[in-house]
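Take the sequences, apply the hints, and build the full model.
The sequence shown begins at 5 in the working numbering and counts up by one.
Among these hints, one or two may not hold up.
Listed next, with one range per pair, are the computed distances between beta-carbon atoms [claimed, not checked]:
#1 ALA159 / GLY335: 21 to 31 Å
#2 ALA259 / ALA84: 37 to 47 Å
#3 GLY355 / GLU81: 36 to 46 Å
#4 ARG199 / GLU124: 51 to 61 Å
#5 ALA259 / ASP120: 38 to 48 Å
Lysine-lysine pairs mimicking DSBU-like chemistry, simulated, CA-CA at most 35 Å apart [as the list claims (entries may be wrong)]:
#6 LYS198 / LYS283
#7 LYS198 / LYS351
#8 LYS283 / LYS351
Since the hints were made in silico from the structure, they are not lab data. Just so it is clear, CB atoms sit at the ideal spot from N, CA and C, and this is done for glycine as well.
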Amino acid sequence: PLSPPPPPPLAAGRLSGNATAAARLLERYEPCARTEQRRPILTFVLGEDVPPTSGVWHHRGIGAAHLTGAHALICAEAVAEVASRRNGAVADDRAGMREAGDARRRVYIHVKDRCDALVEADPAARHLLDKVDSDSTPGARFVGQLFGTEEELRAAPPEGCATPLCVRLPHHFNLPYSAEDEAPSSFSGVAAFKRHNGAVGIVGTALRDGLAAWLLDSLQAVMRLQWPGPRGVVEELRPAVDATLLTESEFTAAADPHPTGLEVVRRFFHSLCAAVAWKSRKPVNSVSGGQQRAGRLRYKPGERFTNPIVYGVPTIGHRSYYSFAHYEHAGPFLCADAPCVRNVIGKLAAGELDAPFAALVAEVTADVDPLLVGLSYLLLAQAAVDLPVGADGQG
Numbered sequence: 005p006l007s008p009p010p011p012p013p014l015a016a017g018r019l020s021g022n023a024t025a026a027a028r029l030l031e032r033y034e035p036c037a038r039t040e041q042r043r044p045i046l047t048f049v050l051g052e053d054v055p056p057t058s059g060v061w062h063h064r065g066i067g068a069a070h071l072t073g074a075h076a077l078i079c080a081e082a083v084a085e086v087a088s089r090r091n092g093a094v095a096d097d098r099a100g101m102r103e104a105g106d107a108r109r110r111v112y113i114h115v116k117d118r119c120d121a122l123v124e125a126d127p128a129a130r131h132l133l134d135k136v137d138s139d140s141t142p143g144a145r146f147v148g149q150l151f152g153t154e155e156e157l158r159a160a161p162p163e164g165c166a167t168p169l170c171v172r173l174p175h176h177f178n179l180p181y182s183a184e185d186e187a188p189s190s191f192s193g194v195a196a197f198k199r200h201n202g203a204v205g206i207v208g209t210a211l212r213d214g215l216a217a218w219l220l221d222s223l224q225a226v227m228r229l230q231w232p233g234p235r236g237v238v239e240e241l242r243p244a245v246d247a248t249l250l251t252e253s254e255f256t257a258a259a260d261p262h263p264t265g266l267e268v269v270r271r272f273f274h275s276l277c278a279a280v281a282w283k284s285r286k287p288v289n290s291v292s293g294g295q296q297r298a299g300r301l302r303y304k305p306g307e308r309f310t311n312p313i314v315y316g317v318p319t320i321g322h323r324s325y326y327s328f329a330h331y332e333h334a335g336p337f338l339c340a341d342a343p344c345v346r347n348v349i350g351k352l353a354a355g356e357l358d359a360p361f362a363a364l365v366a367e368v369t370a371d372v373d374p375l376l377v378g379l380s381y382l383l384l385a386q387a388a389v390d391l392p393v394g395a396d397g398q399g
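So, in structure tokens, the structure goes:
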């Protein structure tokens with residue numbers, strides 16, 4: 005049978021400067037963790053129509069389970085686990101008593117879509133829907149929802165909050181991180197551009213991606229860019245900032261030896277003096293069939309913007325994304341067109357945004373710290389357990 009997760013150790017995954025906030029959250033959770041009758045038995049479950057290769061599942065299912073000491077199961081596995089547990093309870097009176105006592109402590113977070121078969125198999129449990137990057141809606145027995153942005157949470161149902169519990173939880177930082185990766189307490193744009201020879205990276209895109217080509221075509225008219233790929237060197241049209249536009253795939257191809265896995269991303273970010281996280285150009289599939297309407301793209305999670313910032317890389321994001329604009333200090337780093345990107349890069353290179361960026365780093369790391377996000381999941385699960393009987397409308 006699935007066992008309750010232990011509280012995570014205070015030092016696990018902590019980013020610089022967040023120890024006090026982590027201690028406060030842990031202080032709130034520990035009394036529940038010490039009381040077995042209240043401690044949640046948390047499981048993350050992949051929605052029925054979501055492929056196991058989904059990036060959201062690996063981040064907010066498998067990754068979130070790792071943060072919390074919980075379990076991560078695909079829909080069919082979760083249903084089979086319930087059946088196995090129930091068969092054991094029938095065969096053993098003590099197991100049956102334990103099963104009855106555990107019923108309200110079980111909390112399932114359905115990732116990206118519902119696993120309706122699990123709701124039917126275990127109706128006494130608490131079910132929550134993590135609808136980040138999807139247009140899925142909760143069923144009648146759901147008591148909570150997780151959102152990636154405050155704007156979607158506050159939207160009118162069925163798009164927004166339609167359950168007793170609703171929270172915004174960002175994608176946690178999930179890249180390799182050690183003491184040497186910590187962003188300095190102060191930032192110098194002048195030093196960064198000198199150290200990295202003006203390398204500006206396009207985040208989350210490959211060489212053949214339409215986004216990379218579009219950025220090149222748009223920026224070539226407003227700044228001097230060198231393109232190390234097949235296009236060769238772009239002619240200088242208006243002198244501004246000497247910068248080299250680089251994608252992750254090009255960096256990997258040129259690296260010796262070639263990095264692998266998440267280390268690719270880490271080394272790529274450490275090679276940059278600035279990054280650009282722009283609009284997604286690929287269609288977004290709807291879990292309910294067809295394509296999501298264009299407006300839903302504004303609700304997409306913000307890891308393309310936050311990950312390089314945690315490493316201390318100034319990142320220019322497209323202002324249409326709510327997840328990018330969530331941060332109080334993000335304003336100077338948000339753009340809607342290529343001339344704005346050029347201007348921000350110029351200000352970074354001149355050292356004019358050093359203080360705003362240092363403030364943004366502190367704000368972002370406090371929001372996406374794996375330990376803080378993990379504790380937030382556990383506190384949410386505890387809140388679901390503590391809801392009164394009948395909060396899901398099922399008696």
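Against the structure, the hints come out as follows:
| no. | hint | result |
| --- | --- | --- |
| 1 | ALA159 / GLY335: 21 to 31 Å | holds, 23 Å |
| 2 | ALA259 / ALA84: 37 to 47 Å | holds, 43 Å |
| 3 | GLY355 / GLU81: 36 to 46 Å | violated, 53 Å |
| 4 | ARG199 / GLU124: 51 to 61 Å | holds, 58 Å |
| 5 | ALA259 / ASP120: 38 to 48 Å | holds, 45 Å |
| 6 | LYS198 / LYS283 | holds, 28 Å |
| 7 | LYS198 / LYS351 | holds, 14 Å |
| 8 | LYS283 / LYS351 | holds, 22 Å |
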